[in-house]
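Trainee: These are the residues of each chain, in order.
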Amino acid sequence: MKLLLDKANVEGIRFYEAYRKNGGYSSVEKAFKMAPADIVEEVKKSGLRGRGGAGFPTGLKWSFLAKPEGIPRYLVCNADESEPGTFKDRYLMEFLPHLLIEGLIISSFALGSNRTYIYIRGEYAWIPDILEQAIYEANQNGWLGKNILGSGFDCQIYVQRGAGAYICGEETALIESLEGKRGNPRIKPPFPAIKGLWDCPTVVNNVETLAAIVPIINMGGIEYAKIGIGKSTGTKLISACGNINKPGVYEIDMTISVEEFIYSDEYCGGIPNGKRLKACIPGGSSVPILPANLLLKTAKGETRYMNYESLSDGGFATGSMMGSGGFIVLDEDQCVVRNTLTLARFYHHESCGQCSPCREGTGWMKRVLYNIEYGKGKLSDIDLLWDIQRKIEGNTICPLGDAAAWPVAAAIRHFRDEFEWHVLNPEESQVRNFGLAHYADAREVVA
Amino acid sequence: MAEEVKKEVPQMFKVTIDNITVEVAPGTSILLAARKIGGDVTPPAMCFYSKLKGSGGKCRTCLVEVAAGSTADPRPMPKLVASCRTNVMDGMIVKSITSEKVLDARKGIVEFLLLNHPLDCPICDQAGECHLQDLSYEHGSEGTRYEFQRRLFEREDIGPYIQLHMTRCILCYRCTYVADQITNTRVHGILDRGEHAQISTYISKAIDNDFSGNMIDVCPVGALTDRTFRFKNRVWFLKPMDAHRDCDKCCGRVTLWNRGDEVFRVTARKDEWGEVEDAPDGKPGWICNTCRFDKKKTSDWIIEGPRKIKRHSVISAGHYVGTKKPHETIAEVMGGRHPKLLMDIHTVSEVNKNSVHLSAIEGPATAEVFNNGKGTVLPSPK
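From first to last, the protein sequence lines stand for chains R and H.
If you read the first sequence in the numbering used here, its first letter stands for residue 1, the second for the next number, and so on.
If you read the second sequence in the numbering used here, its first letter stands for residue 448, the second for the next number, and so on.
Please note that a few of the clues may not be correct.
Sample of chain H residues at the chain R side, in silico, Cβ under 8 angstroms [to be verified]:
hint, residue
1, ARG532
2, ILE556
3, TYR593
4, GLU642
5, ALA644
These are calculated hints, taken from the structure and not from any lab test.
Backbone N, C-alpha and C fix where the C-beta goes; we use that ideal spot for every residue, glycine too.
Go ahead and model the full structure; you've got the sequences and the hints to work with.
Mentor: What follows is the structure in structure tokens.
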């Protein structure tokens, strides 16, 4: 089922004429006949959950927005997609910029935001031009600007480029950066819904979340909620990468199993060169890594599906998270220690340095992991790593500390023997990888 | 009429911290409520400074566990919260030192703060009045598990009066708040991010401002030091005296740090939490650079008297104010005699032997030396 990407292959869909011809902006026409509160209600009914990683219900978030008289409200689109392994927003903005603009217009109308910002990651250097072009075209055709469709509602969208910081994807750091300050996360409360951009009530939503508003308005919230399963309604973009035959962005309705997603030809198309599956990071680099046996089946032996509930089944002990949908697959030739080092290095580099556990702890974890990876580790280092991550997790201002701690924790929890092998065989570990060990491919065990 | 009276009396919130209940005004943070109780219950704070707006929340040493959010919503908070930036609610139950989780987290934070700290207390001017020193004595472990090189920076003079020792900095951001809120321009701030974050001035600009000296007072560690005082003396050798003068820029109420008649340095008056005291007009008693750096003669000041420092502070070492001589009981039991040395005569039975030569025994003489007969083998003095 495709709701967002169904017209992605239409020629010229990036530009206004083709987009409009294929039914674009019809949802705006529909939405402007509704009352703003009804749109919020419709989004609530749809059960749409934030696609940026945390999975917080969007309708609920919108209803928290304070609406004091005489103070402007802002909608900010979080396009600072910097999580390693996640590239779904880039695809959406690059090929369907008008879909995002359309979603932004409806959302701005629903929330009463006359000035709406797209905060885009600095590394996406070519995408602001695409978005500016789309905004220009929307302006020319009366979808933006003053008195849109004669409703008396004014709205303008601005694109703001970041300077390339992962931390600016955190909503309060994003707001600080948008205000022109150093991108340090703010201490919450107050939450942005009360005091956000320039101390005004602000909603920050992910690109995919805002794009999903368009099908919700087109088909109605109740219809949208019928897609998917349980509390995971609608469709989700998954950016699959790593050791798979067909890496790319896939739109799934959240009823397919992880096994089907990895092995079916419709999606990832299996693992190349006949290798076996070792592990997978199912939701972007900050979620816990899962070994193959726990990825395809939950600890209770049930099939694991690609949705919020099923992926987090078993908590962090035997489960993971849906996250932002960055699906990274590791085959038997990949080294988990090296993978963890790469992630730790990333979080060390991206820590803002505001609060002490994250500032000091991320660098420490990186150095200890470096020693283990390059054959200079001690067995006590593994326990040390566990202790460091435990002291970072939950003690920081923003979730970056958790994001840095979880991958290390999960790697040690599930792949401790690989870490120990690295320490005990320092020379051998430099020339070959640990391999699969007992994390056999769950498919073969079943067969 | 009755309603109007109710409005005038502000409703007080009852908050229980470590089983001690205290009533505070709404809008008070947990940390300030705990300071009202005082003692060990008060969480330590490295970055929070109640006189600086917006400070706090960064060092995470003041983390506490909230066991019950409020009477209306008694759910516990899932994570430890920074007590300096979390406001109390009526009926809130907070655990500070009664929670294992908090103590464990605090120990971890101290370790993180000391990770890149050079621990050069023996040559640091802040030693003796350093918050990080106190914190690590109270909550830290005896050793570090960090085996890598610490980050190093060159010392830097930021302006005519202040030297920056970036290696000691714990990035509490207090000095940036001082520059923002007390001085009229800020030319310094945080450069770079993560572990590389450092305090520095904008393209080697000098900090030249009438109130810049207050940055030294708020610095919890020895990162910002007074260039007119560096290496001049140890704080515990100095006698703090309260003094004042008529100053057209500031309140003029200071503490002089004297040795004899010589004034070694001038600081603002600090309360027991290391923050500046309020001036009589109710505003924080920040002092200007003229008072701090230029008036270094006792004749410039009207001295009010010695400043009271907490008895267990190292600054009070050797100053026994208000102590009582212990009641002697030995003379009573010894029948009026005042022996200079007391020994347990039951274990040292053969001390009086002529053959024992005390000066010939290696190491300290103990009962065993005598009882094992080691002392007796020595030749008697000729």
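Trainee: Going back to the hint list, which numbers does this structure go against?
Mentor: The structure conflicts with no hint, since it agrees with every one listed earlier.
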